[in-house]
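Student: So you can see what is in the structure, the chains are spelled out below.
Protein chains: 2
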Amino acid sequence: MEKVIEYLENNKEQNLQELFEFLRIPSISSQQSHKADINKAAEWLVENFKKSGIENAKLIPTDGHPLIYAEWLGAGTSAKTVLVYGHYDVQPVDPINLWDNPPFEPIIKNGKIFARGSADDKGQVFTHIKSAEAYLKTDAKIPVNLKFIIEGEEEAGETHIEEFIEQNPDLLKCDTVLISDTEWFQAGLPSICYALRGLAYFEVEVEGPNRDLHSGTFGGAVDNPIQVLAWMITQLKDKYGRITIPHFYDDVLELTEEERSNFEKLPFDLENYKKDLDVRELDGEMGFSTLEKVWTRPTLDCNGIWGGYTGEGSKTVIPSKAWAKFSCRLVPNQNAEKIIKLVLEHIKKLAPPTVKVKITSLSGANPVRIDPDNDAIRSAISAFKKAFGKDVVFMREGGSIPVVEKFSQVLHSPVVLMGFGLPNDNIHSPNESFAVDNYFGGILSSAHFYNEFSKI
Amino acid sequence: MEKVIEYLENNKEQNLQELFEFLRIPSISSQQSHKADINKAAEWLVENFKKSGIENAKLIPTDGHPLIYAEWLGAGTSAKTVLVYGHYDVQPVDPINLWDNPPFEPIIKNGKIFARGSADDKGQVFTHIKSAEAYLKTDAKIPVNLKFIIEGEEEAGETHIEEFIEQNPDLLKCDTVLISDTEWFQAGLPSICYALRGLAYFEVEVEGPNRDLHSGTFGGAVDNPIQVLAWMITQLKDKYGRITIPHFYDDVLELTEEERSNFEKLPFDLENYKKDLDVRELDGEMGFSTLEKVWTRPTLDCNGIWGGYTGEGSKTVIPSKAWAKFSCRLVPNQNAEKIIKLVLEHIKKLAPPTVKVKITSLSGANPVRIDPDNDAIRSAISAFKKAFGKDVVFMREGGSIPVVEKFSQVLHSPVVLMGFGLPNDNIHSPNESFAVDNYFGGILSSAHFYNEFSKI
Numbered sequence: 207m208e209k210v211i212e213y214l215e216n217n218k219e220q221n222l223q224e225l226f227e228f229l230r231i232p233s234i235s236s237q238q239s240h241k242a243d244i245n246k247a248a249e250w251l252v253e254n255f256k257k258s259g260i261e262n263a264k265l266i267p268t269d270g271h272p273l274i275y276a277e278w279l280g281a282g283t284s285a286k287t288v289l290v291y292g293h294y295d296v297q298p299v300d301p302i303n304l305w306d307n308p309p310f311e312p313i314i315k316n317g318k319i320f321a322r323g324s325a326d327d328k329g330q331v332f333t334h335i336k337s338a339e340a341y342l343k344t345d346a347k348i349p350v351n352l353k354f355i356i357e358g359e360e361e362a363g364e365t366h367i368e369e370f371i372e373q374n375p376d377l378l379k380c381d382t383v384l385i386s387d388t389e390w391f392q393a394g395l396p397s398i399c400y401a402l403r404g405l406a407y408f409e410v411e412v413e414g415p416n417r418d419l420h421s422g423t424f425g426g427a428v429d430n431p432i433q434v435l436a437w438m439i440t441q442l443k444d445k446y447g448r449i450t451i452p453h454f455y456d457d458v459l460e461l462t463e464e465e466r467s468n469f470e471k472l473p474f475d476l477e478n479y480k481k482d483l484d485v486r487e488l489d490g491e492m493g494f495s496t497l498e499k500v501w502t503r504p505t506l507d508c509n510g511i512w513g514g515y516t517g518e519g520s521k522t523v524i525p526s527k528a529w530a531k532f533s534c535r536l537v538p539n540q541n542a543e544k545i546i547k548l549v550l551e552h553i554k555k556l557a558p559p560t561v562k563v564k565i566t567s568l569s570g571a572n573p574v575r576i577d578p579d580n581d582a583i584r585s586a587i588s589a590f591k592k593a594f595g596k597d598v599v600f601m602r603e604g605g606s607i608p609v610v611e612k613f614s615q616v617l618h619s620p621v622v623l624m625g626f627g628l629p630n631d632n633i634h635s636p637n638e639s640f641a642v643d644n645y646f647g648g649i650l651s652s653a654h655f656y657n658e659f660s661k662i
Numbered sequence: 207m208e209k210v211i212e213y214l215e216n217n218k219e220q221n222l223q224e225l226f227e228f229l230r231i232p233s234i235s236s237q238q239s240h241k242a243d244i245n246k247a248a249e250w251l252v253e254n255f256k257k258s259g260i261e262n263a264k265l266i267p268t269d270g271h272p273l274i275y276a277e278w279l280g281a282g283t284s285a286k287t288v289l290v291y292g293h294y295d296v297q298p299v300d301p302i303n304l305w306d307n308p309p310f311e312p313i314i315k316n317g318k319i320f321a322r323g324s325a326d327d328k329g330q331v332f333t334h335i336k337s338a339e340a341y342l343k344t345d346a347k348i349p350v351n352l353k354f355i356i357e358g359e360e361e362a363g364e365t366h367i368e369e370f371i372e373q374n375p376d377l378l379k380c381d382t383v384l385i386s387d388t389e390w391f392q393a394g395l396p397s398i399c400y401a402l403r404g405l406a407y408f409e410v411e412v413e414g415p416n417r418d419l420h421s422g423t424f425g426g427a428v429d430n431p432i433q434v435l436a437w438m439i440t441q442l443k444d445k446y447g448r449i450t451i452p453h454f455y456d457d458v459l460e461l462t463e464e465e466r467s468n469f470e471k472l473p474f475d476l477e478n479y480k481k482d483l484d485v486r487e488l489d490g491e492m493g494f495s496t497l498e499k500v501w502t503r504p505t506l507d508c509n510g511i512w513g514g515y516t517g518e519g520s521k522t523v524i525p526s527k528a529w530a531k532f533s534c535r536l537v538p539n540q541n542a543e544k545i546i547k548l549v550l551e552h553i554k555k556l557a558p559p560t561v562k563v564k565i566t567s568l569s570g571a572n573p574v575r576i577d578p579d580n581d582a583i584r585s586a587i588s589a590f591k592k593a594f595g596k597d598v599v600f601m602r603e604g605g606s607i608p609v610v611e612k613f614s615q616v617l618h619s620p621v622v623l624m625g626f627g628l629p630n631d632n633i634h635s636p637n638e639s640f641a642v643d644n645y646f647g648g649i650l651s652s653a654h655f656y657n658e659f660s661k662i
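One line per chain: the protein sequences are R and V, in this order. No gaps in the numbering here: position 119 of the first sequence is 325 in the working numbering, and each next residue is one more. No gaps in the numbering here: position 292 of the second sequence is 498 in the working numbering, and each next residue is one more.
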């Protein structure tokens, strides 16, 4: 390990310059105009694997953007195997005028690398290649076998990696899946995320009269689809903020006293949270703290609504139709498919006889909970401690990373969410950044993880 | 009269082509992009007055769209004077994809003229110019003095005609105000309307967090502006369909036993009404028949709603803001100004502390009730009988013609609502139409009205 640490210390500038090269490629996956950049980023990464000593690296075409698969199996069949997942694609950059610096011309300011993709996820996934390189350029050997699967569609609508995982369980077979695509609770507080929420997304259409009506001629006699929709939305929660869909909470795993107590110890500042959002009061399910609400409780949120006249001025219409999009965040052990079925049934039952209601499910993803009692998590705790000199905190995350559940389900190996991002990294926003210390510390953490996991 | 009738018989095609020209001008008053079309329609109408023999016709500029004033005073100072009111502006056309034919390319199908504005109100107001023309091109004389005041803002939020009436009582002095902007109870049943509902129109904005939020990261803790808006809308009516705004019903004039009994005699077919709208059940205030609901009871209807993601597919956002437009129909003796004040106050009180709510009033109009015992109404009854060979029925109307109340109040002359529209004309909706027979019969009725009113 000493030689590895020394190598990393001596190659900081080189590792920064290589990341900068990677960040300069505008690999925006959701915009067709960047298709060539996506391919360029993928090819650049394959070359970097080879340069780093991982010769067996290649592009895998999909119906969308290519996957990258790389492996180094020199630790031998009796050694453990780590599968690293990450993504080389990035979010769009608009509104471009809000960037202080061009998004694809990385610079360092105030100890942070500013560039689109710096934290999400190029900078983070790259740590695991640079740590492997440090072993290969010193010992010519890594203590574990390494596999990498890196996708280019994480920020796009449609993704092909889940299909690839399902079809290639043997190729991806491993003892743990290591992912760095999450953030710490706050700067200086290395964090391991052990649970993610799932998602069930819906669109509902309420049709009243068969045409738009004059609100003078018909108003008072005909039910109004906007008002029916508003009523239906209101019916979905009770006055205590609980979702009223029968059996919705049946499978919800209540959080343990230990979790609750751990959350309470985290340095969460409610007043700052409200101030940042500029709201006088928060809302949500009665009986839970804010962190408990966003990490451990299922939700139902309207994401969009529309119907009738929405232009300038006034139009006295009773519209024929009104629509809404809404989604539920799901928590362990809810099942997306089951919840989708419950919601579809309930909405149909809610529909009053004055209207026709159509509801469709647009997407679903299961929640994830990783039991922290395993060797991979223990290795991550040690690695963080050795690299940053700090004790790890355990946290959950309100969002979803659908691929995590797929890895768990197909490979039956524990997933470790050992991220290096910080809450103010502005991922998905202008001025995305990645702390320089977290980049170098991330490489070191990764090197320690390989070593710790091999010995445990 | 015989020559006038013969002239009208011989000029049907000409009168149709002229109306078509008028209908081709997309004079949508509520959209700034149609400002030039409004002016074009106004100028076209002034030219048509002159061509029809009413030389004294001109545009009157206002702070909004111009008024048209025209007069023919050749009947002499001892003859009676009729003031005709109408409007040359039209409603917007969206949703445009639901029109079977382009809205500003009039065509005749199944005995109906299809075009935006055909019934509301270009086709109807035009009858009174073409009837005057028939007198002037035959006798060179009309039995009454005629004044016309035609506005271009009836379908817009803000209107300037009321101010003009207030400031010009001498110019507009008359023995009756004749208005054709209403519809018959059913085809073949000439109807005179003796009461109109008023209007109070609002737009509300609900602002939650200061930016759009990721529904995974924040969902469950932050109140959702769409859901708050839906809740506020739902709170505005109780389970019996009554509006819950305090003092809202204070001034409502209950209908008389005679009116109730007259309504019951009208050939109203509830099953057909529902079938025409394609709804299984109607709705509204408990304790009133459908006609009572739409003619004599105040309402609260959402006219539009929007907020969040409304595009294709899914976006997991909690929007910062959501909006709705809604309006109340008012009945005698409610006062628009008073109701606006009640609504603004109530909405502000409803706003929960999780959001900021802004509400603005976009327009208001008082309801109207005309006592049918007067010479002008008697002349209209005769005119209808002579033109269509049918007895008149008395009805009320759910819509609003704000100017009617102003005429009554300033000119102290009886208003006659002698409309030619039919219930399935789709005014304010796609595929607006005006029955060809009612257009020609309307011109004839107007000619008879001038004659009857001069003799009575």
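Don't take every hint at face value.
Just so you know, same-sequence chains aren't split out, so a pair can sit in one copy or run between any two.
To be verified - With a straight-line cut-off of 25 Å between C-alpha atoms, the simulated BS3-like cross-links for lysine-lysine are:
1) Lys347 - Lys471
2) Lys443 - Lys554
3) Lys443 - Lys471
4) Lys347 - Lys661
5) Lys481 - Lys562
6) Lys445 - Lys554
7) Lys596 - Lys480
8) Lys443 - Lys527
9) Lys264 - Lys343
These are computed hints drawn from the structure, not numbers from a lab. No experiment lies behind these values; they were computed from the predicted model shown.
Student: Compare the structure with each hint and give your call.
Tutor: Hints, verified against the model:
1. Neither within a single protomer nor between protomers do Lys347 and Lys471 lie at most 25 Å apart by alpha-carbon distance, with minima of 41 Å and 95 Å respectively.
2. In this assembly of identical chains, Lys443 and Lys554 lie within 25 Å of each other by CA distance both inside one copy and across copies; the values are 16 Å within and 23 Å between.
3. In this assembly of identical chains, the alpha carbons of Lys443 and Lys471 never lie at most 25 Å apart, being 30 Å within a copy and 46 Å across copies at closest.
4. With identical chains, the CA atoms of Lys347 and Lys661 are at most 25 Å apart within one copy only, with a shortest distance of 15 Å there and 112 Å across copies.
5. In this homomeric assembly, Lys481 and Lys562 come within 25 Å of each other (Cα to Cα) only across copies, at 14 Å, whereas the closest approach inside a single copy is 42 Å.
6. Taking the closest pair of Cα atoms, Lys445 and Lys554 come within 25 Å of each other both inside a single copy (22 Å) and across two copies (20 Å).
7. In the homo-oligomer, the alpha carbons of Lys596 and Lys480 never lie at most 25 Å apart, since the shortest distance is 27 Å inside one protomer and 70 Å across protomers.
8. When the C-alpha separation of Lys443 and Lys527 is checked against a cutoff of 25 Å, the pair qualifies both within a copy, at 23 Å, and between copies, at 20 Å.
9. In this homomeric assembly, Lys264 and Lys343 come within 25 Å of each other (Cα to Cα) only inside a single copy, at 21 Å, whereas the closest approach across copies is 90 Å.
When held up to the earlier numbered hints, the structure conflicts with 1, 3, 7 and fits the remainder.
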